[in-house]
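Engineer: Here's the letter readout for the chains.
There are 2 protein chains.
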Amino acid sequence: MRSASQLLTLLERRDVQALPMLKALYPHTGKALLLGVTGPAGVGKSTLINRLITVFRKKRKSVGVLAVDPRSPLSGGAILGDRLRMHEHFLDKGVFIRSLATRGSWGGISPSLFGAIHVLDAMGKEIIIIETIGVGQDEVRIAQLAETVLVVLSPGMGDAVQTMKAGLLEIGDVMAVNKADVLQSDPLRQELQESDPNRPVLEVSAEAGSGISELLSTLEGFFKKKDLVRSRKARFAREELQWLLYERLEAQGKGFPFTEDLISQVVLRKKDPYTLIEGWEKERN
Amino acid sequence: MRSASQLLTLLERRDVQALPMLKALYPHTGKALLLGVTGPAGVGKSTLINRLITVFRKKRKSVGVLAVDPRSPLSGGAILGDRLRMHEHFLDKGVFIRSLATRGSWGGISPSLFGAIHVLDAMGKEIIIIETIGVGQDEVRIAQLAETVLVVLSPGMGDAVQTMKAGLLEIGDVMAVNKADVLQSDPLRQELQESDPNRPVLEVSAEAGSGISELLSTLEGFFKKKDLVRSRKARFAREELQWLLYERLEAQGKGFPFTEDLISQVVLRKKDPYTLIEGWEKERN
Chain A
49 MRSASQLLTL LERRDVQALP MLKALYPHTG KALLLGVTGP AGVGKSTLIN
99 RLITVFRKKR KSVGVLAVDP RSPLSGGAIL GDRLRMHEHF LDKGVFIRSL
149 ATRGSWGGIS PSLFGAIHVL DAMGKEIIII ETIGVGQDEV RIAQLAETVL
199 VVLSPGMGDA VQTMKAGLLE IGDVMAVNKA DVLQSDPLRQ ELQESDPNRP
249 VLEVSAEAGS GISELLSTLE GFFKKKDLVR SRKARFAREE LQWLLYERLE
299 AQGKGFPFTE DLISQVVLRK KDPYTLIEGW EKERN
Chain Z
49 MRSASQLLTL LERRDVQALP MLKALYPHTG KALLLGVTGP AGVGKSTLIN
99 RLITVFRKKR KSVGVLAVDP RSPLSGGAIL GDRLRMHEHF LDKGVFIRSL
149 ATRGSWGGIS PSLFGAIHVL DAMGKEIIII ETIGVGQDEV RIAQLAETVL
199 VVLSPGMGDA VQTMKAGLLE IGDVMAVNKA DVLQSDPLRQ ELQESDPNRP
249 VLEVSAEAGS GISELLSTLE GFFKKKDLVR SRKARFAREE LQWLLYERLE
299 AQGKGFPFTE DLISQVVLRK KDPYTLIEGW EKERN
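Line by line, the protein sequences are chains A and Z.
Numbers given in my numbering equal positions in the first sequence, counted from 1, plus 48.
Numbers given in my numbering equal positions in the second sequence, counted from 1, plus 48.
Don't take every hint at face value.
Since the list can't tell identical chains apart, any single copy or any two copies may satisfy a pair.
As the list claims (entries may be wrong) - In silico PhoX-like cross-links for lysine-lysine, where the CA-CA straight-line distance does not exceed 20 Å:
hint	residue 1	residue 2
1	LYS281	LYS318
2	LYS274	LYS79
3	LYS79	LYS319
4	LYS141	LYS274
5	LYS281	LYS71
6	LYS319	LYS281
7	LYS107	LYS330
It should be emphasised that the hints constitute simulated quantities derived from the structure, not laboratory data.
Can you make the complete structure from the sequences, with help from the hints?
Structural biologist: Here it is as structure tokens:
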């Protein structure tokens with residue numbers, strides 16, 4: 049049996065060797081609680097996750113963290129970077145932190161993300177935190193794989209953030225306003241509360257460590273919502289199947305079937321792309 | 049012959065009726081100059097495009113604008129909104145402005161975007177401006193379809209924007225720093241200039257209308273770079289073929305083949321997704 053790290057690397061490369069291992073470990077999964085943490089860059093997600101890891105560890109829960117970046121085709125250097133960011137847990141055997149490149153070959157999400165979650169689950173991690181870097185359609189979709197979604201915002205991030213919040217407002221089960229100690233968070237808090245009066249909005253300071261235990265109990269309240277967790281688990285299964293399917297369809301395409309010469313003819317308007325695609329389809333059937 | 053607007057609606061819906069029309073008009077395309085305009089929300093892209101339309105119109109060039117949003121599955125209300133934003137050109141027959149939803153069914157870019165560009169090109173639009181709303185991997189990819197890419201930034205947008213700039217820095221042929229009249233733009237301008245000393249960085253104020261003619265002549269300089277335009281046109285053709293191909297592969301998948309009952313069994317770990325996908329593949333072959 050290879051180490052979890054090696055298996056994650058195989059998965060990230062979509063190496064076929066990972067497949068029998070995934071099949072073997074799948075029946076041992078489904079026990080972990082998945083927490084998605086998302087929000088714009090610079091709001092302090094990693095620092096807050098660091099704090100959450102500490103409180104989960106105090107409760108003797110083992111924790112896995114996957115920092116996923118759907119923009120990057122391969123994670124490379126980010127792995128070390130993320131470990132360093134969460135350095136205080138680096139030597140704790142009960143904490144496993146990994147960066148993961150999750151961009152699919154033609155865009156979208158790579159199925160390796162789902163496999164990585166199963167690996168951490170089978171390792172016995174009781175809490176798996178999925179941190180997405182950046183804000184976009186793919187990131188939102190990734191955060192939604194979790195059973196509980198925590199959206200982290202910070203006051204005073206201006207216009208750009210106003211737009212970003214749109215997608216984030218819809219997916220958050222719990223909203224955290226970070227940097228409540230140094231920035232005036234009240235207007236943002238109020239705005240968030242008005243967007244959904246029933247949803248918890250918490251002020252925290254990841255840096256100073258305030259508001260963390262309230263955040264923890266709110267999250268634990270969500271972990272206990274059996275119906276919600278069940279429907280989220282079904283969504284996860286559906287998404288994994290869909291991306292696996294998509295990957296197979298891509299593989300059946302066996303790469304890009306048009307030569308540079310054909311492309312020149314399209315550029316020169318001697319051929320049109322629609323007739324070329326029809327020809328390609330006929331040839332395959 | 050239907051109107052261009054009707055054809056664009058058919059395209060957006062991926063209605064098969066659009067296909068023979070696209071084939072018929074394709075030989076009449078390839079003459080327009082494609083200008084991509086991208087940048088974070090709130091930097092004043094639309095106001096700047098408004099200014100550019102005015103100067104192109106003074107030179108008696110007909111202009112088409114496609115405001116594309118890869119986040120949204122259908123544009124809906126945005127159409128009217130965008131027309132209103134560029135209201136001063138609303139009654140000008142030489143200007144055609146359209147919002148377009150360009151999200152593919154499973155993510156990525158919908159091939160309708162390419163078709164829409166061909167329609168505007170065949171209509172005789174000499175300049176086609178592709179404005180992307182928001183900043184992300186898909187937006188960057190869309191902006192790169194153009195022969196010249198203008199990236200619009202604005203000073204003082206903070207941390208979130210620092211991150212966004214990463215992808216934008218790589219794709220801009222010309223960088224415009226907007227709001228140069230009200231915000232201190234010098235540090236941003238300098239930073240952009242240092243990132244690539246050979247690339248033009250221009251300070252403009254879309255609101256006040258300053259710096260627009262310098263921007264125009266810089267863009268026109270790019271339109272004249274024959275080798276660059278040729279290589280960009282080849283990239284466009286390759287991308288269109290790739291997304292058409294991807295769409296066909298999706299269609300061959302004939303929708304999602306797994307029932308809710310099967311998904312429950314996956315959730316309960318009675319079945320694993322990998323064996324299900326293998327079964328699906330065997331059945332099809």
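Engineer: Check each numbered hint against the structure and report the violated ones by number, ascending.
Structural biologist: Violated: hints 4, 7.
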